[in-house]
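Chemist: Chains W and G are the protein sequences, given in the same order.
Going by the working numbering, the first sequence opens with residue 1, and the numbers climb by one from there.
Going by the working numbering, the second sequence opens with residue 1001, and the numbers climb by one from there.
The hints are simulated quantities; they were obtained by calculation from the structure and are not laboratory data.
A quick note: this is a predicted structure, and the numbers were derived from the prediction, not measured.
Misleading hints may appear alongside valid ones.
Stated by the list, open to error - Simulated pairs of lysine-lysine, DSSO-like, Cα-Cα distance not exceeding 27 Å:
id, chain 1, residue 1, chain 2, residue 2
1, W, K57, G, K1005
2, G, K1042, W, K14
3, G, K1015, G, K1058
As the list claims (entries may be wrong) - Examples of chain G residues toward chain W, derived with CB under 10 Å:
id, residue
4, V1004
5, Q1006
6, Q1009
7, D1031
8, A1045
9, A1049
10, A1070
11, A1091
12, F1094
13, T1098
14, G1099
The C-beta atom is built at its ideal place from N, Cα and C for all residues, glycine as well.
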Amino acid sequence: DGGITQSPKYLFRKEGQNVTLSCEQNLNHDAMYWYRQDPGQGLRLIYYSQIVNDFQKGDIAEGYSVSREKKESFPLTVTSAQKNPTAFYLCASSLAPNYGYTFGSGTRLTVV
Amino acid sequence: QQQVKQSPQSLIVQKGGISIINCAYENTAFDYFPWYQQFPGKGPALLIAIRPDVSEKKEGRFTISFNKSAKQFSLHIMDSQPGDSATYFCAAPFYFGTGTSLTVIP
Chain W
1 DGGITQSPKY LFRKEGQNVT LSCEQNLNHD AMYWYRQDPG QGLRLIYYSQ IVNDFQKGDI
61 AEGYSVSREK KESFPLTVTS AQKNPTAFYL CASSLAPNYG YTFGSGTRLT VV
Chain G
1001 QQQVKQSPQS LIVQKGGISI INCAYENTAF DYFPWYQQFP GKGPALLIAI RPDVSEKKEG
1061 RFTISFNKSA KQFSLHIMDS QPGDSATYFC AAPFYFGTGT SLTVIP
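Just chain W, with the same shape it has in the complex (with noise of 0.2 Å):
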């Protein structure tokens, strides 16, 4: 079956460190995406990218970092600048912008 794939579900990071978030998709979507979700806010853009090798900055991008080597994958580093990180992070995928989104089933990360 097609779909994405998030690992690892959850994530504890202790303070100062770096954590890597992995999304694999395997419906041939040309765009990625990577949202972060916080109680009452919604989902908010942290990075998309709509073809390999090239990826833009959304709302939120400050603390975080992402590659697109390859059109299946699309990881997403947090970084130690990333002040507030605790969060559920979600990975989607889809044909372009406008059009529907598929979606991961998310990594829970928690700083300890």
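Starting from the known structure of chain W, arrange chain G on it as the hints suggest.
Modeler: What follows is chain G alone, placed relative to chain W:
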């Protein structure tokens, strides 16, 4: 500036009733307006979507009404069921509303 504004924040409906969630958008260049349904601990799932060349789209118990001149669109859930209890998000390309928590009481 919030690109997509959603209301209400929460909604309680009796089983069999109609649930209505509203959304307003800013950018007239937006050309795709989806609604997503999210259950706790899961990623959102596409429920229904509309493009601005039509004023209404219906899929089963779910209907989107679209008003281009007012820059508003809404989701109507007919014959609401307890299984519809979830959080609903309206969206436009890249942007999401803040969500509506729907509870359907048996």
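Chemist: If a hint holds in the structure, say so; if it doesn't, say that too.
Modeler: Each hint tested on the structure:
1. For the hint pairing K57 (chain W) with K1005 (chain G), the CA-to-CA distance comes to about 22 Å; that is within 27 Å, so the pair holds.
2. Distance hint between K1042 (chain G) and K14 (chain W) is fulfilled; the C-alpha atoms sit about 25 Å from each other, no more than 27 Å.
3. Distance restraint check for K1015 (chain G) and K1058 (chain G): the Cα-Cα separation of roughly 20 Å lies within the 27 Å cut-off, and the hinted pair is therefore satisfied.
4. At a threshold of 10 Å, the smallest CB-CB gap from V1004 (chain G) to chain W is about 8 Å, leaving the interface hint in force.
5. Below 10 Å, beta-carbon pairs count as interface contacts, and Q1006 (chain G) has one with chain W at about 8 Å; its hint therefore holds.
6. Checking Q1009 (chain G) against chain W: minimum C-beta separation of about 8 Å stays under 10 Å; hint holds.
7. Among the interface hints, the one on D1031 (chain G) holds; its C-beta lies about 5 Å from the nearest C-beta in chain W, closer than the 10 Å criterion.
8. For A1045 (chain G), the interface hint holds, the least distance from its beta-carbon to any beta-carbon of chain W being 7 Å, beneath 10 Å.
9. At its closest, the beta carbon of A1049 (chain G) sits 6 Å from a beta carbon of chain W; the interface hint therefore holds under the 10 Å criterion.
10. For the restraint placing A1070 (chain G) at the interface with chain W, the shortest Cβ-Cβ distance is roughly 21 Å, beyond the 10 Å limit, so the hint is violated.
11. Given hint, A1091 (chain G) at the interface with chain W, holds; its Cβ is 8 Å from that chain's nearest Cβ, closer than 10 Å.
12. For F1094 (chain G), the shortest C-beta to C-beta distance to chain W is roughly 5 Å, which falls under 10 Å, so the interface hint holds.
13. With a cut of 10 Å, the hint placing T1098 (chain G) at the interface with chain W holds, because the nearest CB-to-CB distance is about 4 Å.
14. With a cut of 10 Å, the hint placing G1099 (chain G) at the interface with chain W holds, because the nearest CB-to-CB distance is about 5 Å.
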